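S.K.: Spelled out from the first residue to the last, the chains are:
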Amino acid sequence: MSVWAYIFSVLRAAIPAGTPLLYGTLGEVTAERSGVVNLGVEGMMIMGAVTAFGVAQATGNAFLAVAAAALVGGILALIHAFASITLRVNQVVSGLALTMLGQGISGMIGKQFIGMPPRVQLKPVPIPGLSDLPVLGPLLFQHDLLVYIGLLMVPVLWFLFYRTRWGINLRSVGESPATADAMGVNVFQVRYLAVLFGGLMAGIGGAYLSIVYAPAWIEGMTAGIGWIVIALTIFAMWDPVRGLLGAYLFGSVRVLQYRLQGLGISPPLLNMLPFILTILVLMFSAGEAMRKRLGAPAALMQPYTREER
Amino acid sequence: MNALPRIRLEKRLATPRWLGVATPILSVLAALLAIAVIFRLLGVNPLVAYGRIFTGAFGSLYGLSETVTKAIPLMLAGVGLAVAFRARVYNIGAEGQLLIGATCATGVALFVPGIPDGLRLPAMFVAGALGGALWAMIPALLKARLRIDEVLTSLMTVYIASELVNHLVYGPWKGPGEWGFPYTDKFPLAAQIPRIGITRIHYPTLILALLAAVLAYILLQRTRWGFEIRVTGENPEAARYAGMNYLRTAMLVMALSGALAGIAGVGEVAGIHYRLRYPQGISPGYGFTAIIVAWLARLNPLGVILTSLLIGGLLVGGDAIQLALGLPSATVYLFNGMILFFVLGGDLFTRYRIRIEIPSRAAATPVRLEREEAL
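The listed protein sequences correspond, in order, to chains L and G. In this text, residue positions in the first sequence follow numbering that gives the first Met the number 0: the first is 0, and each later residue adds one. In this text, residue positions in the second sequence follow numbering that gives the first Met the number 0: the first is 0, and each later residue adds one.
Check the hints yourself; a few may be wrong.
[To be verified] Ranges between beta-carbon positions, derived for each pair:
#1 Lys122(L) x Gly170(G): 54 to 64 Å
#2 Pro123(L) x Asn234(G): 50 to 60 Å
#3 Phe158(L) x Gly170(G): 49 to 59 Å
Source of the hints: derived by calculation from the structure; they are not laboratory data. From a predicted model like this one, the values you see are computed outputs, not experimental measurements. Don't be surprised by glycine CBs; every beta carbon is placed ideally from N, CA and C.
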């Protein structure tokens, strides 16, 4: 196999591998744009994974499985929203609590699913016409539906963020909630919706792991992906397009991680790769953020209240 | 227009003393109630489960001794985190610092020749503390030099530390005498921490933990540095105006919490297992559970002594119900997460009065629901 063919095969595999990260990152980017950090992504994802697997086993319907996973992710996100937006508790600790809760409940629910063969699997759906393109066809257009939807959400979110009233409201709430409030934007509503959206997306990302990528239920199967999502959100500078790049970059690392095992490198050392890369990516983003002065939403992690303005 | 009741928070000027004590207790009780509901939904009888937890942890001398045993790493790591969190430095990586401490101690126990027997254990404790502190320097330096938030980086170092331990016990450090298990060889006698009688309480580590709690309390309350930590955490801007060096404080509390977590790791390998094992075999997430221990103590190092015993008991009871009711080990995380949520919520009562306003047509008189009445 030539070098180019090898790179191509890695990239092709990186797209499904990066899809859970993409969903998670797009959701977290939206939540953080409104000024709320949700460190519970890992917990929402693992709950999405166990829910999707369970519903898929019970109904045999992949669509229902994904919808249920999104719903569960959304419900968990609302707990964080209530804690951090209404009660104004510490967002870091509340997110951590959400992650622990998700790991605990998913472990309890999932015990019965361990070792079960999956009942449904999302099959690749080649897009007529586009899938016959040279190189791009097999790279992008011969995947399953969730890959396409994830890809499609990137331009949709970009458009919503930068070209609509709704996006202006979202960003203004994250930059200066007091100003947004004075302009008549319902700060609390916008933040609740943004955090809810983050939960729906994390749930779908988890579903992708358990009914498409693995497909199986393995306890703790998210294995840090939710945390990488948080880092990718910073790397993406809260921008959906850069989020896409980051997600597929980490997808490639995941693919390489498995392939390099064949060369006799110790698997634990390879397992470190995504986490070391996460730190490197954060260092890179920090430097760039300082250079370009493109920072986080100004009101990130700041609860808003009318009284203490 | 809006018929939904609005929840408003009013800042308290001062927290009544009794409230500071009652809140954590009530928070845990409320969390246990919520967990009971989840148990019920998952088809586990909560009364049976709680009965087993209680008798498992506190119902026998063996249970009590195990509770103390598990409280040791929680106390050490929890004291360090309480100090760090006081400065609003979120070291989430205690689990990794614990593992690195365990690794360094193992290195000294098995691979450094020529240490006199009497100095072997002290050398291991020093190595573990240094290892934990240095490992904590990764997120600390990234924060100080590049302003990278420590939450994520400290968490990433947990995964890296855990894979490092995996690499060692499956690879270069795998003991030839361990029947193929991912363990190192057993420590020599001079590298084993003595225990009380037939229990697993490795008392020298316990003494270190108690000492750490008292010293940390004195540090916070009686020293200039402790004052800087408290001011930095409570009012970062005031600290800046007063010329306090935030980054130096952050580095110091990171190093301190890393060192204490490292010592906890030494205790686990040298006091319990007598060997380095795969990560989950050394610590079922003590470093993460210590976060709850610290919050539950309302970040008071002396309070950590009590909360580590309480949570240690929950862990022992948790083991008991896993065996008896066939629950997975992840159940512990359900307890952790739920307790953390309710402790956070409970904290709110100590800082704010909660007012629930029901918008009425006639008068805008808000209905006051203060904590005293709500109870």
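S.K.: All hints, please: hold or fail.
M.R.: Against the structure, the hints come out as follows:
1. Lys122(L) x Gly170(G): 54 to 64 Å: violated, 40 Å
2. Pro123(L) x Asn234(G): 50 to 60 Å: holds, 57 Å
3. Phe158(L) x Gly170(G): 49 to 59 Å: holds, 50 Å
Violated hint for the displayed structure: number 1, the only one.
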